[in-house]
Structures are given as C-alpha cells and as structure tokens.
Amino acid sequence: MTDNRQLLKGNEAFAEAAIAAGCRYYFGYPITPQNELTEYMSRVLPSVGGSFVQAESELAAISMAYGAAAAGGRALISSSSPGIALMQEGISFLCSANIPMVLLNVSRGGPGVGGIQPGQADYFLATRVGGIVDYHTLVYAPASIQESINILMQAYETAEKYRNPLMLLVDGMLGQMMEPVVVPDGVETIPTTDLHALNPWAVTGHRGSRERRVIRSLRLKPDELERSIEERGEKYARAEIELTSYEAIDLDGAEIVFVAFGSTSRIVKESLTALKRMRIKGGLIRPITLWPFPYRAFDGIDKRTKAVVSVELSKGQLIQDVKLGVNGRFPVKLIHRTGGMLLTPEEIVAAAKNISEVN
Amino acid sequence: MTHRLLFAGFGGQGIMLMGELLAYAAMIDGKQVTYMPSYGPEMRGGTANCSVIVSDGPIASPIITEAGILIAMNEPSLDKFEDDVDPEGLVFINRSLIGRKPRRSDVVSVAVDCIELARDILNEKIANIVMLGAVIRKSNIVSPDSVGEALRRKFSGKKEAFIPINESALSAWRERSEEH
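Quick mapping for you: the protein sequence lines, in order, are chains A and B.
Quick note: the first sequence, position 90, residue 90 per our numbering, numbers continuous.
Quick note: the second sequence, position 36, residue 395 per our numbering, numbers continuous.
Chain A with its partners taken away, still in its complex shape (with noise of 0.2 Å):
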C-alpha cells in the first residue's frame, strides 16, 4: 500500500482539518482532553494567515468567535465538557443571530467539573439544548479519526447553508488515540470578498454603501421573536430531512440490536465479533448525527428482535432517543459506564448474553 496516511492524534488531526476547510480564527481556553488541538491552532494558524487568540476565559473565547463569524470568518472553537458548559449561552446567541459556527467538544466525565477520562455525558447536553432555549445545534458524532476529518472537510459549508452552528460530540479516547488517515490538502485561503459573497448577511462594514446588515439576539416585540423562532423551525425541518444520517449494521435477524455512537461504537462493534462467535446474531445502529436524531433507522429493525439495547457512557441519556426510535414497538435495555469509565466489550458481550438468555 503506497499511501499518503499520516499518523496522527485526533486533536491534531480535528485541527488540520478544520484548517483545510477554511478556518482562519481559532478562540480558545485551555481545557484538557483537546489541549492538542488548541496547541497546534497556535503553532500553525498564523502561518496560513489566520488569527490566533488564548481568551481570558470561555465566556471571551466563544464571544470572540462570534464576533468573527457575524463578520464572514470561518471560526473554529473548541473544549471539553465544563468548557463547553460555560460557553453555553454564546451558543445560544449564535442560533438567536443565525451564525454559522463550527464546534468540536472533545468530552469527558461530568456533571460538574467532573474527571478527565472519556465520557458521553454532554448528549443532553449537545442535543437537548444547552443554553437559553428553542433552538438546536447540528451535532454529529464520529467515531473515528478519519470521519471526524470527513465531516470537519464538509462543517463550515453546512454550518453557513443553515446559519447555524455545528457541533462535533467527540471524546478523549478520539481525541487523544492515533491511527493513518488522510486530511485533504488545506484549501488556499478563502479571500474576504468571496467569504463575503458566500455569507451575503454578515456584517462587513460598508460606508454607508447599501443597507444596512442588523445581527442580533434581542428581539423585543414578541411577534417578531415568535416569528424568527418559527423561520428557524422550518430551517430545522429542513435539517432533519437533509442532515440525517446514521450506519446500520446486520439489522436482518438480529437478536439483539444495540444502539451507540462515537467511541462507543468501536467497542459495540467488537462485541458483534466476539458475539457471532457464541451464534447470537447482533446489530448496531450507529447514529452518525445526534441532532437531527436517525429516528427513522428503527424502522429497520427486524420483528424478530428482542431486544434494543442503548450502550452509552452516561447515565441512561441516549437511551431516551432509542426509546422514542423504537416506539414501543421492542423492549429498550440499557448498558453503561459512567465517570470517565469505558466499556469493555466483555462486558457487553456478557450483558448480551443475558438478554439472550432471559427474552
């Protein structure tokens, strides 16, 4: 195999990414497990001409984002669970405002301060909405180093044909591991008249030119605000019909249907092998977006099934999803590890076993 793969830790690799599809300002804090990413922001943005900025705090670095992505910037922020926490409320701005942004929340274990290790415990709140309400992030879960890369390739033309921002739920094992992949070469620097042509709203200075562009979160005339809130209701519509999207595997005759994302899923998927191996006949769905949710993906489930099973590193958050997906129609298990603890899949195969056995 002659190739181009290089080796790379998946922050490091978030970070080239993000710069091949056109970031050029880059806000952060540091946060441990994604400091790589903020590390190599500083070492290579400013040689592609971008900007660099270490904020003073959360609240700063996602404000400052904000600033740059109402101007037309490709703005990239990243964080870890509690970072992402107190950023909340700038989120919640940018979808008030209809600004793109991307967001990668490399996670751990919470709540609160929480530990360090990988966790799954920010799906509330990356899908539930995080901030002041009605409204919704585009997240997407990759779980491996080269989709990540994928989807980053593709985040900011997303992010600005919804004005919405977009958030990558990864977590620390993705963050931290290595493995080949291929990052497309960097595209040249978008020159600001094109940003501005892509971005034909964003506040640009003019000179008293045309009209004048207004981004804001305050509407104080309740019909004014209802109506933005119904117009981004229909933009979401639209999302959940073009956004969708999720991996099936082995869906036909499954005894046991398990349901994981990210991280999570590599470790399903090695139980499906240790489980073939002892003739019960797994499946996985894998959500590829958490918002909009694969809901229609159940509707592939196989009436013989008897079971589907949640497996999430958190509390029973995503297994709410499953149960919505699944409607009654299967009963919903759940398996989990919580706190920065991983599954193994020994501990899956053998909690498969048992669903087995007992249904």
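Rather than coming from a laboratory, the hints here were simulated on the basis of the structure.
Just so it is clear, the structure is predicted and the values come from calculations on it, not from any experiment.
One thing to keep in mind: the hints can contain errors.
As the list claims (entries may be wrong) - If the Cβ cut is set under 8 Å, some of the chain A residues that face chain B in the computed set are: (1) Asp3; (2) Arg5; (3) Leu7; (4) Ile116; (5) Met178; (6) Pro180; (7) Asp250; (8) Ile267; (9) Lys269; (10) Glu270; (11) Thr338; (12) Leu342; (13) Thr344; (14) Glu346.
Unchecked claim - Below are the SDA-like pairs computed for lysine to any residue, each with C-alpha atoms no more than 20 Å apart in a straight line: (15) Lys439/B x Met341/A; (16) Lys281/A x Val349/A; (17) Lys497/B x Ser527/B; (18) Lys306/A x Ala350/A; (19) Lys276/A x Thr424/B; (20) Lys439/B x Thr344/A; (21) Lys276/A x Lys497/B; (22) Lys439/B x Leu481/B; (23) Lys513/B x Gln6/A; (24) Lys513/B x Asn4/A; (25) Lys303/A x Ile355/A; (26) Lys276/A x Ile418/B; (27) Lys513/B x Arg43/A; (28) Lys315/A x Gly114/A; (29) Lys513/B x Lys235/A; (30) Lys235/A x Val133/A; (31) Lys276/A x Ala307/A; (32) Lys276/A x Pro417/B; (33) Lys517/B x Val44/A; (34) Lys513/B x Ala350/A.
As the list claims (entries may be wrong) - Some residues of chain A that are not near chain B, with every Cβ distance over 10 Å (derived): (35) Ser57; (36) Gly130; (37) Arg163; (38) Met177; (39) Thr189; (40) Glu230.
Note that beta-carbon positions come from the ideal geometry of N, C-alpha and C, so glycine has one too.
Starting from the structure of chain A, add chain B where the hints point.
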C-alpha cells in the same frame, strides 16, 4: 492477523515514544493501526502506558483488555498488567529495573538489560529504544526498515542529530539462547 501490544512504565521513560514509533512503522508497512495513550494528571515518575493494535484489517476498538505482548519497563507495570497477557503471549521485561520473572508459566518472557545496553551506546535515556529494538526483533510485527523510517520521520529537523544514536539503540539487543 491482529497484534495487541501494551507498553507500560513510569513517566519519563519514553513509553509513549516506543508505542508511537511502533505504530508509525506499522503504518509505513501498510497495516491498520491504532495507538491509545493513557492520559491524565501524569508526571515524571508517575505511571504511563499506551496500547498499540496492529492489524491487516479494520480495527474496531483501540482499547486493549487482553494483550498479546506486554512491555514492562518497571516492576509496578509488570505487577499491574501481567494477568492481562494472553496465554502463550510475550512479556518483555526491563531487567535493569525489574528483579523478578513473570509469575505465570504460560507466557514467554524476554528479559532485556535496557539500561546497561543503553549506557554502552550513550546513556540510559535511550533505554526505551533498546527495548523497542528487542520487541521488533523478537515479535516480527513490523519490519526493521519501517522502524528506521519511522525514526527518521519522527526525529526530523532539530532532532535529526539523534537519529544515529537511536539507530544503534534499536540494534543493541541480541537474543541469547538462554532466553528461549
């Protein structure tokens, strides 16, 4: 064929570099590979370990629960991970710091005088590369040429001066008959 390697020792011994070089070499060989470091409030003297999986096919989980090969650079690492080695697995022991053999009789143990061999070349800072050389020769998971290439790619620029010393360290260990 899938190989699972667990490198363990204390912070400052160059555990992560060993794993990274092996992963790099596997990629150069055209294999699939994952490298997963332990991370946390680690410091010089604390514990450090990393897992490397090398395979001809796609790798699902990068986490190792059963290792085919354990590389123990200090005694606490041998204590902690000995039971996680597959039967018939290989256990590499840094004999310079570990005063015992594996307790299990169903594994093959290879004792390497990492520090003494490293001192013969330069100093004990390259003890990790001496061990890596032993792992590569004994296990045949990656080709020695690819490891050399990984070394050259990893030590580019200012670090280039260290390549010859590390190349010597890679070939310092020779298998002796008593270790069969």
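Among all the numbered hints in the text so far, which are the ones the structure does not match? 7, 11, 21, 22, 29, 34 and 38
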